[in-house]
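Chemist: Sequences are here, hints too, so could you generate the full structure?
2 protein chains.
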Amino acid sequence: MSQSLDIAVIGATGTVGETLVQLLDEREFPVGNLHLLASGESAGASVPFKGRNLRVRDVAEFDFSQVKLAFFAAGESVTRSFAARASAAGCSLIDLSGALDPMQAPSLVPEANPELLQRLDAPYQLTSPSASAVALACVLAPLRDLVRPRRVSVLASLAVSSRGREGVNELARQTAELLNARPLEPRFFDRQIAFNILAQAGVPDAEGHIALERRLAGELRQLLAEPDLRVAATCALAPVFFGDSLALSLVSEREVDIDAVRQRLAQAPGVEFVEEEGDYPTAVGDAVGQDAVYVGRVRGGLDDPCELNLWIASDNARKGAALNAVQSAELLIKHYLSKILT
Amino acid sequence: MSQSLDIAVIGATGTVGETLVQLLDEREFPVGNLHLLASGESAGASVPFKGRNLRVRDVAEFDFSQVKLAFFAAGESVTRSFAARASAAGCSLIDLSGALDPMQAPSLVPEANPELLQRLDAPYQLTSPSASAVALACVLAPLRDLVRPRRVSVLASLAVSSRGREGVNELARQTAELLNARPLEPRFFDRQIAFNILAQAGVPDAEGHIALERRLAGELRQLLAEPDLRVAATCALAPVFFGDSLALSLVSEREVDIDAVRQRLAQAPGVEFVEEEGDYPTAVGDAVGQDAVYVGRVRGGLDDPCELNLWIASDNARKGAALNAVQSAELLIKHYLSKILT
Ligand SMILES: NC(=O)c1ccc[n+]([C@@H]2O[C@H](COP(=O)([O-])OP(=O)(O)OC[C@H]3O[C@@H](n4cnc5c(N)ncnc54)[C@H](OP(=O)(O)O)[C@@H]3O)[C@@H](O)[C@H]2O)c1
Ligand SMILES: NC(=O)c1ccc[n+]([C@@H]2O[C@H](COP(=O)([O-])OP(=O)(O)OC[C@H]3O[C@@H](n4cnc5c(N)ncnc54)[C@H](OP(=O)(O)O)[C@@H]3O)[C@@H](O)[C@H]2O)c1
Numbered sequence: 001m002s003q004s005l006d007i008a009v010i011g012a013t014g015t016v017g018e019t020l021v022q023l024l025d026e027r028e029f030p031v032g033n034l035h036l037l038a039s040g041e042s043a044g045a046s047v048p049f050k051g052r053n054l055r056v057r058d059v060a061e062f063d064f065s066q067v068k069l070a071f072f073a074a075g076e077s078v079t080r081s082f083a084a085r086a087s088a089a090g091c092s093l094i095d096l097s098g099a100l101d102p103m104q105a106p107s108l109v110p111e112a113n114p115e116l117l118q119r120l121d122a123p124y125q126l127t128s129p130s131a132s133a134v135a136l137a138c139v140l141a142p143l144r145d146l147v148r149p150r151r152v153s154v155l156a157s158l159a160v161s162s163r164g165r166e167g168v169n170e171l172a173r174q175t176a177e178l179l180n181a182r183p184l185e186p187r188f189f190d191r192q193i194a195f196n197i198l199a200q201a202g203v204p205d206a207e208g209h210i211a212l213e214r215r216l217a218g219e220l221r222q223l224l225a226e227p228d229l230r231v232a233a234t235c236a237l238a239p240v241f242f243g244d245s246l247a248l249s250l251v252s253e254r255e256v257d258i259d260a261v262r263q264r265l266a267q268a269p270g271v272e273f274v275e276e277e278g279d280y281p282t283a284v285g286d287a288v289g290q291d292a293v294y295v296g297r298v299r300g301g302l303d304d305p306c307e308l309n310l311w312i313a314s315d316n317a318r319k320g321a322a323l324n325a326v327q328s329a330e331l332l333i334k335h336y337l338s339k340i341l342t
Numbered sequence: 001m002s003q004s005l006d007i008a009v010i011g012a013t014g015t016v017g018e019t020l021v022q023l024l025d026e027r028e029f030p031v032g033n034l035h036l037l038a039s040g041e042s043a044g045a046s047v048p049f050k051g052r053n054l055r056v057r058d059v060a061e062f063d064f065s066q067v068k069l070a071f072f073a074a075g076e077s078v079t080r081s082f083a084a085r086a087s088a089a090g091c092s093l094i095d096l097s098g099a100l101d102p103m104q105a106p107s108l109v110p111e112a113n114p115e116l117l118q119r120l121d122a123p124y125q126l127t128s129p130s131a132s133a134v135a136l137a138c139v140l141a142p143l144r145d146l147v148r149p150r151r152v153s154v155l156a157s158l159a160v161s162s163r164g165r166e167g168v169n170e171l172a173r174q175t176a177e178l179l180n181a182r183p184l185e186p187r188f189f190d191r192q193i194a195f196n197i198l199a200q201a202g203v204p205d206a207e208g209h210i211a212l213e214r215r216l217a218g219e220l221r222q223l224l225a226e227p228d229l230r231v232a233a234t235c236a237l238a239p240v241f242f243g244d245s246l247a248l249s250l251v252s253e254r255e256v257d258i259d260a261v262r263q264r265l266a267q268a269p270g271v272e273f274v275e276e277e278g279d280y281p282t283a284v285g286d287a288v289g290q291d292a293v294y295v296g297r298v299r300g301g302l303d304d305p306c307e308l309n310l311w312i313a314s315d316n317a318r319k320g321a322a323l324n325a326v327q328s329a330e331l332l333i334k335h336y337l338s339k340i341l342t
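These protein sequence lines map, in sequence, to chains A and B. Okay, so the first sequence: first residue is 1 according to UniProt numbering, each after it adds one. Okay, so the second sequence: first residue is 1 according to UniProt numbering, each after it adds one.
Quick caveat, the hints were computed from the structure, so don't treat them as lab data. Hints are all accurate, no fakes.
Sample of chain A residues at the chain B side, in silico, Cβ under 10 Å:
no., residue
1, 155
2, 191
3, 200
4, 233
5, 248
6, 249
7, 277
8, 283
9, 284
10, 303
11, 304
This structure is a prediction, so every number in the text was calculated from the model and none was measured. Beta carbons are placed, not taken as given, at the ideal position from N, Cα and C, and that holds for glycine.
Modeler: Right under this line is the structure:
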């Protein structure tokens with residue numbers, strides 16, 4: 001590709017944003033000028049890119065007409081405040097916060113629903129879905145016609161980095177305090193996360209679901225183009241720094257052919273299938289730092305031939321967020337570069 | 001109760017056995033002579049009971065005709081080696097390993113299936129089921145007629161203590177090594193458990209299930225007297241020392257009345273229902289050291305009125321094992337003391 005794009009990364013000092021900037025470099029994304037943005041507090045900090053140190057600036061003072069594409073990785077409220085401004089300036093955007101209306105900014109996982117690219121209008125708005133939805137979509141999309149899922153039940157044991165830098169710092173601090181037999185004072189999380197599991201990675205609504213669970217279910221149905229799929233989701237927080245672990249139990253409308261499932265997974269793009277007997281993937285040992293979603297423990301039901309059970313491990317910040325956003329941008333410019341540039 | 005029983009605890013130096021000996025004291029179980037048994041390696045060690053130090057002896061040299069009741073908490077192979085010898089000597093027994101035929105030694109959770117006591121023959125053999133089955137049975141038994149479960153999907157995130165003392169030592173050692181930036185060498189577990197989750201708490205069979213998952217499903221069906229209940233179970237290991245966390249998703253044959261479920265749970269014996277909005281139980285913060293199974297996050301489906309979702313936290317070694325065994329013994333002697341003594 002000879003042409004390049006001027007780009008903004010909002011949240012460039014964060015867990016996802018830093019990885020995203022790295023990936024733009026690693027994958028030789030056609031970057032012209034790169035604008036790194038964060039809150040006023042980080043303005044003046046610097047982030048390395050292609051061997052240079054780029055200065056971070058305050059998003060509130062940014063003129064979006066300077067760029068053609070913006071990655072929003074700074075949380076829902078930042079997206080709500082600035083996405084409209086970016087679009088009004090003719091800037092296409094990929095949002096990682098989930099704050100935008102899915103009708104305006106549909107979810108894209110290139111391995112699962114690339115056909116979405118056929119029906120978009122400029123300025124483009126896409127959502128890079130929640131990390132769990134990315135992982136599940138990569139694994140389930142290639143199985144769709146084979147297993148015809150009616151119902152999925154997911155327990156996502158999320159890494160503390162799913163809650164950003166502060167989540168990571170809090171687990172490190174709590175663990176050190178406990179190992180040194182100092183009194184534990186939870187700060188960022190509402191209780192002890194070290195050597196414990198928190199049942200909900202967020203604040204529940206009146207019906208008891210957290211926003212991430214609703215988001216995951218909606219995104220999964222859209223990504224798989226299965227509007228009637230029943231989704232039971234529990235998003236818990238585990239004392240793990242990086243890497244989500246998902247236990248998936250799926251009910252099909254027909255008997256599941258486990259060997260055929262294994263064959264599909266072995267060939268699925270973006271998926272690393274751990275197939276050796278007795279072996280299984282883990283978040284930390286396999287997925288972290290990798291570009292693939294890891295899947296293993298592929299097995300039928302104990303008592304139901306229509307059931308499929310899987311274990312999935314994925315790097316939440318990389319594959320689940322930054323990489324999926326960059327891959328989405330790659331697909332977007334493949335289809336629409338000239339329109340994005342005008 | 002004026003009469004007392006001579007008792008043996010096999011595995012008295014272990015995670016479960018030590019708790020069991022404590023509980024016999026705390027609950028003023030009618031203990032006559034107490035024989036503490038373990039392997040030859042621990043023979044000569046001592047364990048405190050009612051302010052005295054009792055000597056531990058080698059089970060291989062024990063004469064079971066000296067006791068009327070034995071708790072087997074030393075693993076499957078020990079139960080297989082010595083249970084028949086105990087029964088032949090007229091000794092009743094409660095096994096915690098799951099090694100016995102469920103027809104010979106049915107599972108008992110006093111809160112769930114006390115009616116089992118109506119149809120036992122001396123010498124009595126009972127199984128105290130897996131810790132997850134105890135927790136699930138306490139929570140589901142009082143809901144049975146209300147929700148009529150057709151299918152349950154369980155992800156059990158087990159504490160390392162579910163694998164005994166060595167599991168606890170390994171998590172402590174690995175965590176310290178990582179925090180001190182020393183190279184990690186997994187020993188007891190096959191890979192890094194610190195800040196990671198292992199997808200299977202055991203070795204899978206040809207179909208990919210581990211023994212504990214099969215055991216859990218079978219025990220649950222027996223305890224709830226629901227032979228046709230479909231059970232999807234994944235037993236993973238979490239970097240938690242004590243306390244199991246279970247995410248349960250249940251499909252009912254009818255619409256679930258969530259308020260009625262809450263009312264039942266608030267009154268259920270052996271269950272502590274965390275009902276305040278936004279609150280939830282955790283293994284470490286609530287369940288560990290307690291006699292109740294904790295339940296919270298009671299919610300319906302996102303898209304299915306016939307679904308019920310719950311979060312359960314339970315002390316695996318205490319409520320899930322030692323306490324359930326002692327409560328079972330209490331029920332047994334309430335019904336059959338005179339027969340046990342003869
Ligand atoms: N972490 C994950 O695994 C993951 C996965 C998928 C999606 N996401 C989503 O990605 C987004 C970022 O998450 P993260 O984990 O990277 O969070 P993070 O580590 O806490 O970083 C947050 C970033 O947002 C910036 N920011 C915060 N408030 C801001 C404001 N008012 N104005 C401008 N910038 C602001 C921060 O800049 P300062 O340095 O100025 O504070 C920082 O760069 C969130 O929407 C999250 O839901 C995260
Ligand atoms: N831990 C749990 O949460 C849990 C829950 C439910 C059921 N269970 C079951 O309870 C049993 C004990 O588990 P645990 O966690 O207490 O294990 P543990 O901490 O490893 O203790 C094992 C106990 O068994 C004894 N033992 C080992 N090998 C023996 C042998 N060959 N002969 C005689 N005694 C022997 C050990 O004695 P030495 O000191 O001589 O080695 C020790 O007292 C297992 O069957 C387990 O599946 C455990």
